[in-house]
Structure formats: structure tokens, C-alpha cells
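Just so you know, we're using the working numbering here: the sequence shown kicks off at 4 and counts up by one.
Hints may contain errors.
[Said to hold, decoys possible] Computed beta-carbon distance windows for the label pairs:
1) 277 - 302: 41 to 47 Å
2) 184 - 148: 16 to 22 Å
3) 297 - 72: 24 to 30 Å
4) 148 - 298: 40 to 46 Å
5) 227 - 82: 15 to 21 Å
Hint data in this document are derived by calculation from the structure and do not stem from the laboratory. Since the structure is predicted, the reported quantities are computational estimates derived from the model, not experimental observations. Don't be surprised by glycine CBs; every beta carbon is placed ideally from N, CA and C.
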Amino acid sequence: MWKGVIPAVTTKFTQAGELDHAEMQRCFGLMIEAGCNGLIVAGSLGEGPMLRPEERIEVLKIAQDAAGRLPVLMTISAASTAEACDMAKKAARAGASGLMVVPSPMYHTNEQETEASLRAVAAAGDLPIMIYSNRVAYRVDVTPDIMENLADDKRFVAIKESSDDIRRSIEIFNRLGNRYNVLTGVDNLAFEALSVGAVGWVAGLVVAFPRETVAVYRLMQAGRSAEALEIYRWFRPVLDLDVSTYLVQNIKLAEALAIQSNERVRAPRMPLQGARRAEVERIVRHAIATRPVLPDLSTLAA
């Protein structure tokens with residue numbers, strides 16, 4: 004159902020700490036204009052856990068306005084299954100195209116609990132679901148066994164594969180064929196994942212470098228892997244910023260430098276300071292200064 008480059012967008016705040024509607028509209032629009040294939044809101048990068056439920060719906064609606072007919076997914080990440088189900092219902096009522104569902108970030112469920120919780124959210128929202136499998140960040144592994152068990156429910160349509168092990172993608176394909184659309188969720192494994200059959204990229208640094216991200220994806224889909232690899236090698240130091248405890252601050256600083264946005268975050272996060280900030284600035288400024296010339300993408304399928 005979903006494929007292509009689908010940004011996990013950041014949430015923009017005013018100086019007073021409220022949602023910055025105008026800046027989100029501008030930033031989301033840049034990604035759609037660059038050729039992205041949809042948007043995902045209120046994820047880890049979107050500081051979803053820091054947003055009130057009504058704010059998540061506000062961000063969803065801003066993204067829907069920017070995306071037009073393209074899909075906009077709501078991330079469901081909650082401590083309890085009941086809370087997750089409630090958010091799924093609210094997202095459905097607000098017209099979300101689908102849900103990206105994360106197991107409880109607070110209680111580390113076993114396989115039986117993980118499956119039961121995912122099924123409950125699917126029933127509550129009654130929308131297409133992208134299962135977010137990220138054992139590194141969330142310490143719960145949505146395994147191929149669980150994916151196989153869930154395959155009887157047609158609402159589960161896609162996997163955001165973020166295990167940090169490219170062998171997992173092959174295992175999913177070998178076990179389940181094309182039952183799920185597999186999208187990579189690790190920026191600095193994107194080329195590798197697309198090489199072995201992933202049909203999409205739930206991207207982070209795309210919010211700062213949308214055209215380059217789309218170029219890598221479309222060139223790979225067109226079989227022009229050598230050209231894609233050249234861009235990816237340039238991009239790789241920046242993509243590494245996604246794989247960090249400070250990914251939100253890293254990427255918002257990249258946005259500030261690359262697209263003249265702001266880097267405001269919601270407490271307890273604080274903007275980067277000191278040596279860490281200097282290093283991120285160095286990486287991003289170097290990428291901007293050495294930006295590759297991109298091929299004409301207008302003839303390549305989205």
C-alpha cells in the first residue's frame with residue numbers, strides 16, 4: 004500500500020512553546036514539492052510522546068493540508084494498550100490514512116503481549132497499519148514470527164524495519180514473500196535496504212535534504228544504483244545523525260542550517276550545545292558546501 008520516501012516529520016514550535024502551524028506547513032510543503040510520497044506525524048522524531056493528544060491531531064491536520072491526496076499516517080506510541088487504542092480512534096476520526104504502531108515504550112512486552120496489543124490497536128482504529136519494528140530504540144522486537152501471526156489481519160499492510168540488521172529484511176521476504184510492504188526506517192541503511200528489496204524509506208534527514216533523499220530512492224528504483232550510491236556516500240555522514248539518542252536535536256539543527264527552519268524542541272530536550280553541537284554543524288555545513296548535482300528526476304517513477 005505504501006512505498007517511496009515517506010518522511011517522519013519534525014514538529015515545529017513557536018518561541019512560546021506552542022505548535023508553529025505556519026512553519027510546519029512550509030516545511031511539510033518542501034518535502035511534498037521535492038517528490039516525497041506521504042508524511043508520518045508524531046513519531047519519535049516528531050516528539051510525539053511530548054505532544055498532547057489534541058496537538059497530535061493538529062499536526063495531523065497540518066500534514067494533511069500539505070500532502071493533499073498523498074497519505075498521512077499517525078504514529079501510535081503509548082504506554083498502555085488502552086491509551087494506544089484511544090489515540091487510534093481519534094486518528095481515524097480525523098481522517099488519517101493509516102497508523103504507524105509502536106509497541107509500548109514503557110513496558111517491554113513479550114511476543115504474546117506484543118501481538119495482542121497490535122491486534123487491539125488495529126481493531127480500535129480500523130485503519131491500515133505500518134508495524135514499527137525497532138528493537139534498538141524500544142527494546143521490543145516485532146519478530147518475523149509475530150509478523151507471520153498477524154498476516155491473517157489485512158489491516159497490517161507494511162513494516163517499518165528498523166532492527167539495524169539488514170539480514171532481517173531478507174528474513175522477512177524469505178518468510179512472508181510480498182505479504183507486507185517493507186520500508187527501511189534506518190537512514191544510514193537505506194541504500195542497503197533498497198538494494199535487497201525494500202519498497203520505501205521512512206526517512207529522517209529528508210526533512211533537511213528532501214531532494215537528495217528522493218533522488219537516492221528514485222535512482223534505486225530505476226536500477227541506476229551507481230548514481231544512487233554516489234549521492235548516498237556524500238549523504239552518509241549526515242544520515243548517521245539519525246542514529247543517535249539526540250536524533251531530534253541533531254535533525255532539527257540540520258533543518259535550521261539547510262532549510263532555514265528553527266531547532267526548538269520541547270522540554271526536557273534542549274538544543275545541542277558545546278562540542279556535540281559543533282560537530283553536527285560541521286557535518287551539515289560540509290554536506291551543504293559539497294552538495295552533489297542531482298540528475299533530472301522528472302522522468303523517474305515516484
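Verification of the supplied hints:
no.	hint	in the structure
1	277 - 302: 41 to 47 Å	holds, 46 Å
2	184 - 148: 16 to 22 Å	holds, 19 Å
3	297 - 72: 24 to 30 Å	holds, 25 Å
4	148 - 298: 40 to 46 Å	holds, 41 Å
5	227 - 82: 15 to 21 Å	violated, 45 Å
Going down the numbered hints, you'll see the structure goes against just number 5.
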